[in-house]
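Enquirer: One-letter residues, chain by chain:
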Amino acid sequence: MKRPSIRDRLLAWTTFVITLIMAVAGTLLYNSVKRSLYSQHDLLLNEAATLVLIEVKAKNGKVHHEWKASLDSASRETGKSMIQVWDLESGESVKSAALGESDLERQYGKLGERVFYNVTFPNGEAGRAVGILTYPVVENMEENEGFVPGDHPQVFVWADSTQELRDVLIKTKRAFVAAGVAVVLLSAIAIWLIIYLSSLAVQSFSADLLSREGTEIGEPVPVPDRLPSEVAGMAGKFNALLARIDHYREKDQDFFLNVAHEVRTPLAGVKAVIEQALRRPREVEDYQKRLREALDSTENLVRLTDRLMEFGKLRNARESMVRITLDLNTLLEGVLEKFRSRARERGLRFKGEFCGKAELGTDEELLKIVVNNLVENSVTYAAPNTVIELKTSRTEGMIEFKIQNEYSNPEGLPDDLDVFFDAFYRNDKARDLGANNIGIGLSFCKEVMLVLGGQITASKSSAHGLCFTVSLPVNGHAVD
Amino acid sequence: MRILVLEDYPPLRSSIVECLVEEGYAVDSTESGDEGLWYVRNHVYDVALLDIMVPEVSGLEILKKLRSDGNSVPVIIISARDTVVQKIEGLEVGADDYLVKPFSLDEMLARVRVQIRRRNEKKSPLISVGDLVIDTATKTVQRAGRAIELTRKEYLLLECLAFRNGEVLSREDIARQVYQDYEGGTSNVVDVYIGYLRKKLHIDGLPNIIHTKRGHGYFLSEP
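Line by line, the protein sequences are chains A and B. Quick note, in the numbering used here, the first sequence goes up one by one and the last residue is 480. Quick note, in the numbering used here, the second sequence goes up one by one and the last residue is 1223.
Hint data in this document are derived by calculation from the structure and do not stem from the laboratory. Some hints here could point you the wrong way.
The following label-pair restraints were derived from C-beta to C-beta distances [to be verified]:
hint, chain 1, residue 1, chain 2, residue 2, range
1, B, N1208, A, E299, 51 to 61 Å
2, A, E345, B, G1094, 53 to 63 Å
3, B, G1094, A, G334, 29 to 39 Å
4, B, N1071, A, R212, 43 to 53 Å
5, A, N409, B, G1094, 37 to 47 Å
6, A, K237, B, D1082, 50 to 60 Å
7, A, V419, B, S1221, 49 to 59 Å
Positions of the beta carbon are idealized from the N, C-alpha and C atoms, including for glycine.
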């Protein structure tokens, strides 16, 4: 699917909006001009009509159209102004010569009221007319004695061609359209340029990003100074993400190197035992002894791979978690009971300080892995004849469990205790595969805690002491 | 020739030790870094095979301490750490060779022999002392063109003297280099084997090649 370009979208939409605005504004302006011109035209029409209107007079007791003689000659020449006056009483009409046989459309309102309307002349031209209901003007009362103007209502219609006005309006319309198109085009070009110039930094950043090889994960993408703040923030987040990916990639790489390393040593043992067995003929018992040694080494390898498999499965454990409500204190007591005899052999004593209620919703089997590992480590590495202290406490939504002891090799403690959680880290570098000490126990705990939504940390509790703290959400859901 | 093996994985350690002993080397072995450091500081070895990841003191730390003490014993690192960076680190610290696990015991023996030759400034596996020629690769001996059949102990004793041609070696020095379980003392086993060697190397008309410096020990030199 082709992704839309922000630049194209911006350009299209802003151009569309500007076109719309120009069209609406142009139409409104044009109509306003049109109205104004027609209004002006009507004003002139009215003025002219008013002037001529008084030339419908009463003369000798009859209606006399004084205007006709003077106007006929002029309208014949120009063909512009046409007048028709109807006598509503008789139904007859008098019209200017320019009308020939045709009649004007007749519209009128109340007495003296001007009614303006469009008309079409016989030659097909458009025009504008004003219709007025009027009475003839009586100037000489004596001469027109007995003439009652109200008995002779006249409808006076003056029509004028609007062709010039229309031509002006057409020109105005064209000018408006041309100006509108020009404005839209110039705006589009200006917008395109602005977008292009503004997006240069984004394009360069994007090009850098696209030209990257898959192997360049660790290298941050250069963020140009002129990169807009909106994208710069995103770029910063992206670089932080790259750094995190690189960190985890390195961790994974270390993990696999360590796996290879851990596998190689027992493998070297098997190879050396077999090679040595085959170097010269030997007695059957001797061969059997060597085969047993090789078998022991392969069993160590099997144990190692089993632990690695469990470690791998943990990453998918979230889906298969069985969350129940359990009491951490009860679980701890069960684990301590298991290690009590081993602790006694080393002169170690457990001292518990458990809070009243330590119920939480979690996966019992996974939590047991953590507690078992921590207690076993304490029993194995605590200085002989010392006390292993265990404490549980409850805070807002969390249950905390601490286990601390005097460490047998305090000088050997690393400065950064987080390395305890690195796979295959061994503080004393002892290789004792028989006791399952392959250095992934605490790394295992860390993975389990991630699955359970909790945390595990290590700290120095005193000059010689080491403390592991486990924090778990009471409801089994991670707390930020 | 005495060799120190520092390796914490028991099956591998025992196989290496057995292989070296079968080849006639005297071997001390340990799984602990502390013990390894003690051994190498208090005994003379022709080669030390050091694993890196061992308890207490790592192989690399032992190597650093040895070199800062001025001890130039040839060191071969045996490790599962196989990256170029790790190898460079080992060699930069002062290792003479680097063997990645799992390795062939034959290759290990060949590298041990190279280090022994290098330590004794012998570029060729052949050591000549007058008309005596010792092939350290095939472990065969000829005198005046005639092959001499020697037992393993006799050969080791002769090789030990030949590597330090002209240098007087005390009975203790010889015993420590040749006998696996030598723990000091005044046994005359060296004198007995020197007697056997002299007999086997004797050819009518040719002078004795193994000499005694009374009160000091034995040395090999051309007549």
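Enquirer: Compare the structure with each hint and give your call.
Expert: Right, here's what the structure says about each hint:
{"no.": "1", "hint": "B/N1208 <-> A/E299: 51 to 61 Å", "in the structure": "holds, 57 Å"}
{"no.": "2", "hint": "A/E345 <-> B/G1094: 53 to 63 Å", "in the structure": "violated, 41 Å"}
{"no.": "3", "hint": "B/G1094 <-> A/G334: 29 to 39 Å", "in the structure": "violated, 52 Å"}
{"no.": "4", "hint": "B/N1071 <-> A/R212: 43 to 53 Å", "in the structure": "holds, 50 Å"}
{"no.": "5", "hint": "A/N409 <-> B/G1094: 37 to 47 Å", "in the structure": "violated, 26 Å"}
{"no.": "6", "hint": "A/K237 <-> B/D1082: 50 to 60 Å", "in the structure": "violated, 38 Å"}
{"no.": "7", "hint": "A/V419 <-> B/S1221: 49 to 59 Å", "in the structure": "holds, 58 Å"}
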